[in-house]
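Asks: Below, each chain spelled out in residue letters.
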Amino acid sequence: MTTVPGAGPLLMGVRHHGPGSARAVLAALTAREPKVLLVEGPPEADAVVEAAAHEEMRPPVALLAHVVDEPGRAAFWPLAEFSPEWVAIRWALARGVPVRFFDLPAAHSLMSEGSEESAGEEEPEAEGVRLDPLRVLAEAAGHDDPERWWEDVVEHRGGLSADPCAPFAVLADAMAALRETRGGPLGDPGHRRDAVREAHMRLRLREARKEFGDDAVAVVCGAWHVPALTARTTVTADRRLLKGLPKAKTEITWVPWTHERLARHSGYGAGITSPGWYGHLFSSPDRPVERWMTKVARLLREEDIAVSSAHVIEAVRLADTLAALRGRPLPGLGETVDAVRAVMCEGSDVPLALVHDRLIVGDALGEVPREVPAVPLQRDLARTQRSLRLKPEARERELDLDLRGENDTARSRLLHRLRLLGVDWGEPARGRTGTTGTFRETWRLCWRPELSVRVAEAGVWGTTVVGAATAKAEALARDAEALAEVTELAERCLLAGLGDALPVVMRALADRAALDADVGHLAQALPALVRSVRYGDVRGTDAAALREVAEGLAERVCVGLPPACAGLDADGAAEMRGHVDAAHRAIVLLERDELLARWRAVLRTLAERDRVPGVVRGRCARLLLDDGRLEDDEAARLMGLALSPGTEPGDAAAWIEGFLAGGGMLLAHDERLLGLVDTWLTGIPGESFTDVLPLLRRTFAAYEPGVRRTVGELVRRGPTGSGGPGAAEWEAVPGFGTGLDGERADAVLPTLRLLLGTRPAGSAAPAAPEDRKNQKDRKDTTEPAGTARKAVTAR
Amino acid sequence: MSVVTCKVMGEPEPAACEGENVTATTSAPAALRPHAEDAFAEELKALEAVDDRPRPERWRLSPWAVATYLLGGTLPDGTVVSPKYVGPRRIVEVAVTTLATDRALLLLGVPGTAKTWVSEHLAAAVSGDSTLLVQGTAGTAEEAVRYGWNYAQLLAKGPSREALVPSPVMRAMADGMIARVEELTRIPADVQDTLITILSEKTLPIPELGEEVQAVRGFNLIATANDRDKGVNELSSALRRRFNTVVLPLPETPEAEVDIVARRVEQIGRSLDLPAVPDGIDEIRRVVTVFRELRDGVTTDGRTKLKSPSGTLSTAEAISVVTGGLALAAHFGDGVLRASDVAAGILGAVVRDPAADRVIWQEYLEAVVREREGWKDFYRACREVSA
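Protein chains in written order, with this note's numbering: chain A, 1 to 795; chain B, 1001 to 1387.
Calculated directly from the structure, the hints in this document are not laboratory data. All values derive from a computational prediction rather than experimental measurement. Any given hint might turn out to be false.
Some chain A residues near chain B, calculated using beta-carbon distances under 10 Å [stated by the list, open to error]:
| hint | residue |
| --- | --- |
| 1 | R90 |
| 2 | L318 |
| 3 | L322 |
| 4 | L325 |
| 5 | G334 |
| 6 | C345 |
| 7 | S348 |
| 8 | L515 |
| 9 | E555 |
| 10 | V559 |
| 11 | P562 |
| 12 | A597 |
Ideal Cβ positions, reconstructed from N, Cα and C, are used throughout, including at glycine.
Using the sequences and the hints, build the whole thing.
Replies: Next comes the structure, spelled out in structure tokens:
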């Protein structure tokens, strides 16, 4: 059948992304063989439509229109393999039939959106076809899936074989009736945009009819618009509607798209929640349900879920019977999903989620030939490079940035964002100035040609560097598996100044933290996060959300630490000690009194609990002591407990290691502690001594030589206190040896007076006894700073 | 009190019931709990009268009518069919459809999700008989699934058909009815596997007599199993393959669950003669919220994820926590259900594994309960018992 004289233009109202519509369109086109094809879409795309026939072009793809100087102002027209528009375009291009897009030019539509800023978030279509007319009709008929309804009602009625164009005529009538109920044949008068778009469509349709003849024109557009195309209006009236629209210079190109984004941007016409299923419906020649079940079985087998052919048979039967029960001629997606769940997934939704992600939505990724014009991301990058005076050069060079300056901050952010997008133009380098301060950054810059390709690839994420980096960061956060990955991502987001991505990242972080049962992971994640909080402060980013998450994380560490410390082996204990240290530093940095108090309570619990390994107990005691949270005698008591004869020498040595690691001055200063260690050490039975020796050696070998010598000399001098006669007299002053050598103490006073510039106070010196005690010399150690200060206060 | 008596002893009260083992009341005072086909005989009859759709062989009703019987509705002749199961329509449809094919149906779910209830009503609606029941226990023997012997007859006459005692499953096969197996996973694995021949070959050989019983069309089997204690006797994959599995979910909305708990607690309270306690609904809502949040692993506002403890935290457990709280409040408290009355019960229900669950519970307390508006008393009460 060829062009029917007198039939008028072939108006094909479709359901966007409806495979049923696509098949009907193809059949009608083949039957009518029109001379020109008009498609709903921006006319600017006429210039690039040829690329659709390119052999490297693989749907899903999208037409992307953006304002030249403002790549953020953009709109997408996604097309999948099963979109009627795509099918029609490919048909026309294969036969040399000219294709014209006849919707309102993007030059206008992009400008009239005005307030809408987000690129790609909301296509103009979403607003235009704000209701899915086929869905409305299907729902009126009691169907939940408009695609099924279309197939049941339109295709399986046998009308197709008789006259492929008949369904469209019927549909046009139905739409006309639907539009009547929503405010007249020209649609809802409240939506001027629709009126304007349809006026433009009519004008272009008239042009085409004049040029090619009435019967040689075919139109593919949303079913909603069909009645408006045949409405009787005058050219002048239509022109008037189009007058004075804002206009911008735009560019248009093709970009790769994904099924996942089709599903996410469900605003485009149809609400494509199941692009994979639709693709399957479109591409399978027959027996769609049987083929679908086989696909599902294959997928599940790949994931090591045992699914036999018997399962497939049963699933198909169940789906068929379900469809019969529900009064459907054939099983739809709903029936197949129910059948898969009951037969193949043993009622569980977990494997079903896999089926949903991989098949129902699908992971198809489109491809676009290299010849199509550059993506706007490239332009945005070039523009930013110009404004920041940061030229891409092939020669490698170093760049020092001072983050206190605005321009340098912007540069740093750009580089961080690019790194996030996989465009490694700059690598962070260790600066010549060293790593002092957080306001300096050093980068090694080198622009390699392949980076241009990377930029083009990154174009899928967005049209501007910041937008793309944000989208990428959000995607990374969603996909991240380990907690540490997300914390690192959070840090990178802060460095890159991606405030918009932070909520998503934070959410992912909070979720991972909540579900991570390993305190070690939490404790590992905490320091990076706390660092980020402080970075955020330095860079003026809003780190409130970050702080909240960090505090939540700290709380979880507080709750989870005590049980996690029980029953550890030596390696586990050593690791745990590291975690305790890291968490401690982080929590102190957070500077929250309440939290700190809670943390200290946890440390105290740990320090006193027997089941906790010695090295952790010792470490907790030390941390408390350093913070001044242990009563005078407390440290000695804890050490005494840990080193009492009943304790295993190995455990005691571990305690010593935990307590004394990272600084031995403590021993040099507190003779009582030294005494305890000494007593314990000399009391170890010979056979055990060789066992604990490596531990002790590890502990003491890490000390600075000076400290080691001091401690050694102290020990050689012999026990001065602890337990000896007369000790009780001086017990009140911890940290110092017993017995006061008055003569030697007095000898210091003249020099001290000189230093302080005071006169000798003959009979005075009210605080003398105490001070003297404090000033009791310890020639072989440095004088504790506190002592001199105390003397001043005394004066 | 007269009202109460009236309700227990009185007229049929075909209320919608989600809970398991909810006792239906009856007009026949003899049976404490009549069978589903007797309690709802009227509805079944009305459905049979209007049902003009094709019925599988030996089905009393068409699949459509069975689904309507379970989900409730109004028939063209004006009869109101009460809903027996309140939950997703999909589940009932899949279950009914499965019975119409020759695959057996396995109903999975945590305790208190109306598995037994659904299976009983399905059997009643499909075959008009819900009594062909094998109760699975650790001691269920092969005889209970296949056949046993009347030993007196056996000794007197030797092996013969008269000496054979058929199991419910065998009778269902012979008559083309629905057989039911309760708590399938409690049955020892070797006994479970006797079902394989029955379900795949649809025959039950009797080697002693050199005969076999072949299943007649209309025969099928509904099994229920608790999916939380999988470890008991996990089904072999050969057996599993013979079943279509339907998981019965916990109540979907908090309100529905609060409603179930409140209704059930009231019933139990009456039967235990607990004094009526006013204003318990707030506390019930709190208990249900805690249970739901920990079970789902996310707070009701959907903003914070949580770890889920090892216990099932089913609606049935929420009911027992509240009942316990009521008893505390009535006998030792001031007669008002307070946070402190339910706190200990909640702790017991949540912390099943003393190490892991305790951490989960404390995290929940610190991260969620502490911050929540108006939950101060609850937080304090829980801290007290958890310390």
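Asks: Which hints from the list above does the structure break, by number from lowest to highest?
Replies: Violated: hints 1 and 12.
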